[in-house]
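Enquirer: Sequence:
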Amino acid sequence: EKPFQWQECGKSFGQSSNLFAYQSIHTGEKPYRCGECSKRFGCISSLLTHQRTHTEEKPFQWQECGKSFVQSSDLFAHQRRHTGEKPYKCGECGKSFGRSSHLRMH
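Note that the UniProt record's numbering numbers the sequence shown so that position 82 is 82, with each residue one more than the last.
If you're looking for bench data, these hints aren't it; they were derived computationally from the structure. Quick reminder that beta carbons are idealized off the backbone N, C-alpha and C, glycines included. It is possible that some hints are incorrect.
[What the hints assert, rightly or not] For each label pair, taking beta carbons as the anchor points, the in silico distance ranges come out as:
{"no.": "1", "residue 1": "Glu1", "residue 2": "Thr83", "range": "24 to 30 Å"}
{"no.": "2", "residue 1": "Lys30", "residue 2": "Gly66", "range": "19 to 25 Å"}
{"no.": "3", "residue 1": "Pro31", "residue 2": "Glu85", "range": "36 to 42 Å"}
{"no.": "4", "residue 1": "Glu92", "residue 2": "Gln15", "range": "33 to 39 Å"}
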C-alpha cells in the first residue's frame, strides 16, 4: 500500500519521507542544510552522503583490495572495474559501460 500521494501528479509512496523527497525534486526546495559548510540539499540522504566529505568517513569497503568509498554506488563501480562487468549498454550503438553516468554522457 502507498498511502502518501502527491496531488500535483498523483504519484504515490509507501513512506512520507519518500513523498517529501519527490516533492523537493519538483519544487526545487532544499530544506536540508549542512551544518559544516551551509550547502543545501533536497533530501536527507544527499545531506548525509555530503557530510561524509567533511568527516572523511568511507563506510563502504571492498575486501578484495581494501579500498573504501563514501557511497555504495562507488564501491559497486570499483568492483565492476576489477571484474570487467559493464551492465549499461547503449541502445543505439551497443557500446557497454560500467557506470550508468558514463552511458548517459555517451
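Enquirer: All hints are to be evaluated individually against the structure, with a verdict given for each.
Expert: Okay, the hints, checked on the actual structure:
no., hint, result
1, Glu1 to Thr83: 24 to 30 Å, "violated, 39 Å"
2, Lys30 to Gly66: 19 to 25 Å, "violated, 36 Å"
3, Pro31 to Glu85: 36 to 42 Å, "holds, 37 Å"
4, Glu92 to Gln15: 33 to 39 Å, "holds, 37 Å"
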